[in-house]
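Asks: Okay, here's what each chain looks like letter by letter:
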Amino acid sequence: MKMLLEVRDVKKTYRMGKVLVPALRGVSFDVKEGEFLTIFGPSGSGKSTLLHLMGCLDRPDEGEILIDGENVLKLSDDKLAELRLTKIGFVFQFFNLLPRLTALQNVELPLTIAGMHEKEAREKAEKTLKLVGLEARMNHRPFELSGGEQQRVAIARALINDPKIVLADEPTGNLDTKTGWEIVQLMKRLNEEKGQTFIVVTHDPHIAETAHRIVHLKDGVVEGIKEAPRGSTK
Amino acid sequence: MRTKKIFTIAWENLTQRKLRTSLTTLGVVIGITAIIGIASLGEGFRFEIKERMQQGFELDVLIVIPGSFTAALRPPFKPEEVESVRNVSGVKLVAPLITLPQAKINTTDGKKVNALTVGAVNFSEITQMISERFIPMDGEIPDDNENDTIVLGYKASFLNETTQVNVNENVTMQIEIKIPTPPYTLTINKTLRVAAILEKSGTPGITNFDYWAFIPLNTAIELLGEEAYNIILVKVSDVEQSEQVAKDIENVFDNPYSISILVPIAFMNQVDRILNIVQIFLIAIASISLLVAGVGIMNIMTVSVMERTREIGILKAIGAKSRTVLVMFLAEALLIGIIGGLIGILTGYGISFGLAYVLSSFIQPQQETGLQSPETQSIAISPIFSPQWTIIAFIFAVAICIIFGLYPARKAAKLNPVEALRYE
Numbered sequence: 040m041k042m043l044l045e046v047r048d049v050k051k052t053y054r055m056g057k058v059l060v061p062a063l064r065g066v067s068f069d070v071k072e073g074e075f076l077t078i079f080g081p082s083g084s085g086k087s088t089l090l091h092l093m094g095c096l097d098r099p100d101e102g103e104i105l106i107d108g109e110n111v112l113k114l115s116d117d118k119l120a121e122l123r124l125t126k127i128g129f130v131f132q133f134f135n136l137l138p139r140l141t142a143l144q145n146v147e148l149p150l151t152i153a154g155m156h157e158k159e160a161r162e163k164a165e166k167t168l169k170l171v172g173l174e175a176r177m178n179h180r181p182f183e184l185s186g187g188e189q190q191r192v193a194i195a196r197a198l199i200n201d202p203k204i205v206l207a208d209e210p211t212g213n214l215d216t217k218t219g220w221e222i223v224q225l226m227k228r229l230n231e232e233k234g235q236t237f238i239v240v241t242h243d244p245h246i247a248e249t250a251h252r253i254v255h256l257k258d259g260v261v262e263g264i265k266e267a268p269r270g271s272t273k
Numbered sequence: 065m066r067t068k069k070i071f072t073i074a075w076e077n078l079t080q081r082k083l084r085t086s087l088t089t090l091g092v093v094i095g096i097t098a099i100i101g102i103a104s105l106g107e108g109f110r111f112e113i114k115e116r117m118q119q120g121f122e123l124d125v126l127i128v129i130p131g132s133f134t135a136a137l138r139p140p141f142k143p144e145e146v147e148s149v150r151n152v153s154g155v156k157l158v159a160p161l162i163t164l165p166q167a168k169i170n171t172t173d174g175k176k177v178n179a180l181t182v183g184a185v186n187f188s189e190i191t192q193m194i195s196e197r198f199i200p201m202d203g204e205i206p207d208d209n210e211n212d213t214i215v216l217g218y219k220a221s222f223l224n225e226t227t228q229v230n231v232n233e234n235v236t237m238q239i240e241i242k243i244p245t246p247p248y249t250l251t252i253n254k255t256l257r258v259a260a261i262l263e264k265s266g267t268p269g270i271t272n273f274d275y276w277a278f279i280p281l282n283t284a285i286e287l288l289g290e291e292a293y294n295i296i297l298v299k300v301s302d303v304e305q306s307e308q309v310a311k312d313i314e315n316v317f318d319n320p321y322s323i324s325i326l327v328p329i330a331f332m333n334q335v336d337r338i339l340n341i342v343q344i345f346l347i348a349i350a351s352i353s354l355l356v357a358g359v360g361i362m363n364i365m366t367v368s369v370m371e372r373t374r375e376i377g378i379l380k381a382i383g384a385k386s387r388t389v390l391v392m393f394l395a396e397a398l399l400i401g402i403i404g405g406l407i408g409i410l411t412g413y414g415i416s417f418g419l420a421y422v423l424s425s426f427i428q429p430q431q432e433t434g435l436q437s438p439e440t441q442s443i444a445i446s447p448i449f450s451p452q453w454t455i456i457a458f459i460f461a462v463a464i465c466i467i468f469g470l471y472p473a474r475k476a477a478k479l480n481p482v483e484a485l486r487y488e
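Protein chains in written order, with our numbering: chain R, 40 to 273; chain B, 65 to 488.
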């Protein structure tokens with residue numbers, strides 16, 4: 040299987056006031072195309088930082104990140120934005136929907152940024168919302184939706200541009216167990232049906248276990264990469 | 065992102081915070097109202113002054129006098145000199161004038177006629193020279209060869225507030241001539257027929273002849289025994305060339321500095337320039353309020369960027385470029401500028417026209433009487449719609465909003481997406 044994403048000895052240090060906090064201390068692993076990968080670790084292990092770096096939201100201090108063989112460190116901020124727009128979809132713990140926009144408008148947003156025609160964007164957003172099972176609540180605003188529904192909208196938004204990679208940062212962290220599980224199942228289904236690569240950050244071992252592979256992260260280093268038996272069989 | 069969509073989103077953001085947006089826009093409205101108000105009233109004032117000056121002066125008529133306006137440095141003009149002025153290029157018409165300031169005019173029954181100055185002219189020349197003013201209200205302007213006639217200015221024809229001299233009535237003109245050797249004063253009485261009474265000139269100015277009386281040139285030359293002119297009126301072919309023609313006329317004389325030429329257009333242009341400077345100065349002061357509005361926009365937008373930090377983070381995370389974020393915020397500033405500018409232009413003209421209307425109802429038109437001096441006429445200023453100032457004010461409003469919106473917009477564009485997403 041082709042390598043879609045390569046992380047090579049990535050280091051990142053944050054400055055908290057006067058103290059330097061090393062978040063990642065040399066992380067390396069690969070992600071294959073079409074893979075469902077979880078990054079598992081306790082809080083403070085550098086999971087989110089790693090996700091931000093893979094999602095081109097931030098740049099590492101050292102090391103390389105290659106997406107489709109291209110070193111993203113060498114790209115300009117505008118090129119990175121374009122990469123986020125076309126190849127990467129984000130799902131956040133706190134959903135991060137724009138509160139004054141309806142579900143449909145939130146899903147449309149990346150297409151709007153890309154400059155797509157309104158009608159075309161609307162059709163595509165409707166289709167994607169159907170895919171996540173929210174066709175009945177398209178014109179509701181986020182505060183009118185439950186947590187699970189909001190996360191479905193967020194997933195639809197992440198998928199709208201048909202990205203190669205969907206990055207999810209604790210997507211179930213703000214949901215009850217049952218709803219959280221439904222969201223994971225949805226992502227698994229999309230991964231299988233559409234062949235998109237999913238990288239999910241979680242501190243929940245049950246969710247981590249659903250993946251093809253689990254990257255264990257602790258104190259900013261990879262402790263181990265494990266093939267998950269359940270992940271490969273759904 | 066499509067431009068239309070950017071403006072739609074900007075508009076939605078603005079209408080989401082109605083009170084805040086209206087207050088911010090109000091600042092721009094006040095600034096533009098002040099600018100437009102001052103500009104339109106200023107234009108109106110300039111127009112009024114210009115109009116009055118045009119009525120007071122014949123703009124294409126130069127007035128040539130010997131010496132200066134305060135002292136005669138040289139004797140009156142000789143007929144040859146009048147002829148050489150007539151030959152200057154650009155001169156269309158020349159009318160020399162003899163003034164008889166010492167002349168007294170009485171009716172046959174001894175009542176004093178209110179002519180302040182008696183001028184001797186060639187009637188055909190003066191009629192052509194100031195055709196718009198030298199119009200008989202009563203009677204007819206006599207031919208050049210009709211001696212012993214007199215034409216009275218409108219106000220000169222009034223003996224008192226109610227009695228007027230009649231056309232074809234005879235009046236006596238008394239002049240005193242000083243004979244140098246041996247020194248004595250010769251008093252001459254001349255009976256003249258009132259041929260015409262002129263229409264009221266109405267406005268103040270050099271060529272307001274309301275208090276003048278005119279007699280034929282030949283009669284004056286006969287009485288005075290010499291042909292010496294105190295004033296030469298010169299009509300130019302092209303008003304714009306007035307100043308050049310005036311220079312050429314000066315050079316006709318042996319000593320150019322011994323004569324003075326009044327060039328009305330130059331005078332008027334000068335006054336207009338001064339008024340223009342005053343107007344620009346006032347507008348500049350009014351513009352300060354627009355600057356204050358700009359600071360208000362900067363303040364509100366900075367707060368808005370802080371409040372929307374997370375939203376900016378989301379937009380960047382899903383692929384918005386820094387430039388897109390910048391343009392989104394600038395679009396909001398631009399909309400405030402456009403709306404504030406348009407409303408300001410409307411209220412500016414509304415207020416200045418309203419103000420002019422209210423003020424003009426306070427200024428009652430005065431009762432016109434025959435002996436009223438022209439200076440007491442009321443001046444009503446009506447504002448003028450100036451496309452030029454309207455465009456300048458609008459561009460200024462938009463420019464101020466963009467300039468002051470640039471700082472917060474750049475701040476938004478530069479936000480680090482990871483930090484912005486973490487912002488609570």
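Think of the hints as simulated: they come from the structure by calculation, not from any bench.
Note that beta-carbon positions come from the ideal geometry of N, C-alpha and C, so glycine has one too.
Hints should not be assumed to be uniformly reliable.
[Claimed, not checked] Covered stretches of chain B, as calculated for chain R (at least 3 residues, CB under 8 Å):
1) 147-157
2) 469-476
[Stated by the list, open to error] Below, in silico cross-link-like pairs of lysine-lysine (BS3-like), each with a Cα-Cα straight-line distance of 27 Å or less:
3) R:163 - B:68
4) R:126 - B:68
5) R:118 - B:69
6) R:57 - R:118
7) B:68 - R:118
8) B:69 - B:114
9) R:203 - R:166
10) R:163 - B:156
Asks: It remains to establish, for every hint, whether it holds in the given structure.
Replies: Verification of the supplied hints:
| no. | hint | result |
| --- | --- | --- |
| 1 | 147-157 | violated (count 0) |
| 2 | 469-476 | violated (count 0) |
| 3 | R:163 - B:68 | holds, 20 Å |
| 4 | R:126 - B:68 | holds, 26 Å |
| 5 | R:118 - B:69 | holds, 22 Å |
| 6 | R:57 - R:118 | violated, 32 Å |
| 7 | B:68 - R:118 | holds, 24 Å |
| 8 | B:69 - B:114 | violated, 50 Å |
| 9 | R:203 - R:166 | holds, 18 Å |
| 10 | R:163 - B:156 | violated, 81 Å |
Checked against the numbered hints given earlier, this structure breaks hints 1, 2, 6, 8 and 10; the rest are met.
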